[in-house]
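**Student:** Relying on the hints, combine the two individually framed chains into one complex.
If you read the protein sequences in the order shown, they are chains B and X.
Here the first sequence is numbered in this note's numbering, starting from 4 and rising by one per residue.
Here the second sequence is numbered in this note's numbering, starting from 631 and rising by one per residue.
No lab work stands behind these hints, which were simulated from the structure alone.
Among the hints, a few may not be true.
Derived contacts from chain B toward chain X, CB cut-off under 8 angstroms, selection only [as the list claims (entries may be wrong)]:
1. LEU29
2. HIS34
3. HIS64
4. VAL67
5. CYS102
6. PHE133
We put the CB at the ideal spot given by N, CA and C, even for glycine.
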Amino acid sequence: MKEIRWHGRGGQGAKTVSQILAQINLREGKHVQSFPEYGPERSGAPVRAFNRIADEEIRIHSGVYKPSAAVVVDESLLDTENPAEGLKEDGTLIVNTKCSADEIRSRTGFTGTIVVLDANKIADDAGTGFPNIPMLGAVAASLGSELQVVEDEVRETMGGKLSKEILDKNLVALRGGYEAGKGVQVGS
Amino acid sequence: MRKVMTGHKAVAEAMRQIEPNVMAVYPITPQSEIAEYYAEYVHNGKVKTELVPVESEHSAMSACVGAAAAGGRVMTATASQGLALMVEILYIAASMRLPIGMALANRALSGPINIHCDHSDAYLARDCGAIQVFAESAQEAYDYTLLAQRLAERDQVRLPAIVNLDGFTLTHSVQVVEPLDDERAKKFVGEYTPVYPLLDVENPSTWGPFAMPDYYFELKRAQVAAMEAVPEAFLEVQKEYEQATGRAYRGFFEGYRLEDADRVLVVMGSTGGTAKVAVDELRAAGEKVGLLKVWLYRPFPYAAIADALAHVKQVAVLDRAVSFGAYGALYSDVATAFMHRERRPRLANYIYGLGGRDTTPEHLTRVLSEMKDAGPDEGLRYIGLRE
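One chain only, chain X, in its complex shape (with noise of 0.2 angstroms):
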C-alpha cells in the first residue's frame, strides 16, 4: 500500500521487518528520527530488539561489534560525525567479517560544522572495508535497507553493509513509499544464522585477535576475498527482492536513457531523482543525454561501469564531497575503470552540493550543455558555486 513518510520513517519500518536482535545507536541530526522511531518500536513491543542507548557513536559501534561477535543480528544508523567517531571500530567490524547493517543519513562532516547534506561522510569511510550503497529515494533507502542486510549476512560476504540516504532531502522530506507487509519482508530477510557466535560455549572460538607481520597480511586478503564476492551475491539478492516481492532493482547502478547517450551525468544519491528531470527536459529538445545513477559504491563496480559507458562521448562525473588535494573519489574511480581500456568517454569532474547547497535540474542541464563543446578537461569544475 502506497504511504507518506519521510525517509527516516520508511528506513525504520525496514529496520522493524529485520527487527536486529541489538540496534546500539547514538542520536544526530539528520539521523536522530530513525532512532527515535525505533526506540518508540521497541518501547511499543513491536520488536523484541535489545535497544542500546550508548553514550557516543564510538562506543555504539564498539556494541554493535560485541553484540554481533557474541551471534546477533546488529543494526545501527549515523551520520558525520557520528560516522566519523565510528570508523574506528568499523574497520574493525569489517576485519572481524560482522554483518552489520547501517543507515548513514548523509551529512557534511565539520568544519565548519553543518548539519546538511553532502558525501563527505561516506568518502570518508570509504575505505573502512564495509559495503556501501547510495540511494536515490526514500522508496530505494527502504528497499535498500531489506537487501543490505540480506547481503551483508550471506555466507560468503559477512561484512558491514552502509545504506546511505541524503540527510534532509530524504529523511526529512514526506515522500510516497510503498512498503512490503511484515511477512514478505520477514520472509525476505530472512533468519540470521551466525559463525562461531561466542556465546556457543560448547565451540569456544577467538575474536579480535593480536596479528603480527606474519598474519596480518593474510587476514586483509582474506576480507579482499570478501568484498570480491559482493557484486555477484548483490546481483542474487537483487533477483531474490524481485521473485520475493516484484520491484525489479537489476545491476549495480541505474541506467537512465544512457542506451544511445553520447553525453552522460554520474551521480549518487537524490541527486539521481533530479538529474532524470534534466536528462528529460534535454531529450524533449533531441539531445542525447542520459544518466548513470551508481547504488553500489562499494565494491565498486568498475567494470560494469566502463562497460555501460563504452558508447558514451563525454561523462561529467559529480561528486558531493571535496577529496582535497585530489579529483573527487567517485571521478577517480569511474578513471579508473577506463583505465585499460582503448575507447574512452572524454570526462570531467564535477563537485557539487557541500554542505547542502540545493542542485536543481537547471544546473545540471547547463552542464550536460557544456560538456558539448568542451575542450580536454582538467582540473575540477564546480557546480552552484559562487566565485
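Next up, chain B with everything else stripped away, as it sits in the complex (with noise of 0.2 angstroms):
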C-alpha cells in the first residue's frame, strides 16, 4: 500500500487535486482512499490531504503517519513545518518550487528522492495559477499512472466545471507537473 501526503494551504486545491489522484487510481483498478486533515477550514491555513493507493482492499481507517511521498504545493510551508517529517526514508518528497533538490536537500534534512519542479510557473505559463494541477501530473506520474488515464480523469472532473478554453490551459498544466514526475518511482 502507498500512502500520499498533501501540504497545501486552504484554496489550493490540495484537497481536489487528492480526490483526482483517487478517481485516477480507481481507473487504474486500485483501491483508494482520499481524505483532508480536518482543522478550521479558511482560505490560506495550511492544510493536509491523504491518499492510500493498494492493489487489495484498504480497511484502515487511521490517520497516515509514515507516508512514501509527501507534497508540498506551497513552498511557504517549509519554514513552518517540516513535510518530510515521518516519510520513509526511501520515500519520495515533490515540492513545488524555484529551489534545487539540493537546497530543499539540505532545509528539510530529507535522505530520499526529492523531486522539485515549478509548478507555480507551470502554471501561470499555462495561464491557469493554481500549482496544485502540476503537482497532480508530477505525482502521478512519479506513481506510474499512463499520462492518458490522468489526462481522462482530469477531462472528465474539471470538464463539466470549465469551459473547452480553461480545460485545456489546464490539461498543459497538468502534462507540465507530469514531465518533472516522470522517472521518478514512488515505492510503497
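**Tutor:** Written out as C-alpha cells, the structure reads:
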C-alpha cells in the first residue's frame, strides 16, 4: 500500500487533487482512499490531505503517519512545518519550488528522493495560475500512472465545470507537471 | 460499477434511491453534505421528495413524525447536538411506531464542543426505541441505509431506524463504493404501505393520544414486542438483500478470524476496519486473535454474541463513548450477554477515540497483546490517552 500526504494551504486545491488522484487510481483498478485533515477551514491556513492506494481492499481507517510520498503544494510551508516528518527514508518528497533538489535537501534534512518543479511557473505559463494541477501531474507520473489515464480523469472531473479553453490550459499545466515527475518511482 | 465517493455521497445516493416522500432536515457538521446532496437531487428533479428545510433538529424530527403519521415514507439525517435536540421527539416517533429512516454521522457531544467522531450521540439515543445499525465503511453505510429502511417498514417492526456512520472518518473520506443501479435498489426497498395514515380521511384514526397509568404500560410493552421482532426481520432483510443484489451480509455482526480465536476485540463502526488490519498483523505472527464487529446495536443480539464468543478466552470490548459512572455501554451489553452462561471469557473494557482521537492498528495490536497477560480486570482502560 502506498500512502501520500499533501501539504497545501486552504484554497489551493490540495484536497481537490487528492480526490482526482483517487479517481485516477480507481481507473487503474486500484483500491483507494482520499481524505483531508479537518482543522479550521479558512483560506490560506495550512491543510493536509491524504491518499492511500493499494491492490487489495483498504480497511484501515486511521490517519497516515509514515507516508511513501509527501507533496508540498506551497513552498512557504517549508518554513513552518517539516513535510519530510514521518516520510519513509526511501520515500519521495515532491516540492513546488524554484529551488534545486539539493537546497530542499538541506532545508528539510530529507535523505530520500527529492523531486522539484516550479509548479507556479508551469501554471502561470499555461494561464491557469493554480499550482495544484501541475503537482497532480508530477505525483501521478511518479506513481507510474499513464499520462492518458491522468488526462482522461482530469478531463472528466473538470470538464463539466470549466470552459473548453480553461480545461485545455489545465491540461497543458498537467502535462508540464507530469514531465517533472517522470522517471521517479514512489515505493510502497 | 465501482466509484469513488465520500460516505456522505454514498448515503445520499441510497436515500435518493429510497426516495422518501418527505425529508425534513437541518444541517450540522459532519452531516451537512447529506442534506446538501439531497437538496440538489430535489432541485434537479431527480426525486419527488418534499424537502422540509426546518429551523432546528427538534422541528426536523417533529416534521418527520407528522409526515410519517400522515402516511409518508420519511427520512432525515443528523449528528451530535442535532440528535440531542431530536431525542425528545424520537422517543415519540418510536412509540407511534413510525418507520423513519435516519443517517447519524457520529460526532462527539459537547462539551467541550468538538466536531469529530465518537459514539456519544448514538449512545444518547440508545434507549429511545429506535433500531440502531453501525457501518464500518462507506459501502456498508450505503448498503445498510437501504437495508434499514426496508427493515424499519416491515409490518411487525415499524420503528425508526438509525444508520450510524463515523463522522469525518466515513462521511468526509473518499472511498471505493459500489452502488446498486437504481432499478435494483428501488425494487429491493419496495413500495411503502403505511398503516392507518392520517390522510386516509375515510378511515379516521387517532395518533399520539394521552395514555394514563391504565394504558401507558401496555403501549410500552407493545413497543418491546416490535423490538423483539427486529432480529428475525433483520436476518430476513439481509437474505432478501443478498438475493436481490448478491451482497452477503449475514448475521447481527461480522466475525473476522473469530472461529478459532483466543483473544478478541469487540467494536462498532470504522474502527472495525482498522481492527482487521491489527488482527491480520498478529495472525501473521501466529497469534490466535480475532474481531467481532457489531452491525445491529439495538436491539442488542445478546445470545448470538455470547454464542459467537463462547470459545474465546479473553475479550476486549471497545467503547467510543464514556457512560459516566458506569462501564461503557457496549461492554455492559456484552457482559450481560454472558450473565447466565457457565463459561465466560475474561472481559476488559477500553474507552477509545473520544472526540476524534485517532486509533491506529498499533493501538489495537497493543490491546490484543496486553490482554494475554492481563489478570482479572476491573474498571476502565483507555486507548491513546495522555495521562
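**Student:** If a hint holds in the structure, say so; if it does not, say that too.
**Tutor:** Hint check:
For B:LEU29, the interface hint holds, since its Cβ comes within 8 angstroms of a Cβ in chain X; the closest pair sits about 5 angstroms apart. Because the closest C-beta pair between B:HIS34 and chain X is about 6 angstroms apart, less than 8 angstroms, the hint holds. For B:HIS64, the interface hint holds, the least distance from its beta-carbon to any beta-carbon of chain X being 4 angstroms, beneath 8 angstroms. Hint on B:VAL67 is violated. Least Cβ distance to chain X is approximately 10 angstroms, over the 8 angstroms limit.
Because the smallest distance between the Cβ of B:CYS102 and any Cβ of chain X comes to about 32 angstroms, over 8 angstroms, the interface hint for this residue is violated. About 20 angstroms separates the beta-carbon of B:PHE133 from the nearest beta-carbon of chain X, more than 8 angstroms, and the hint is not met.
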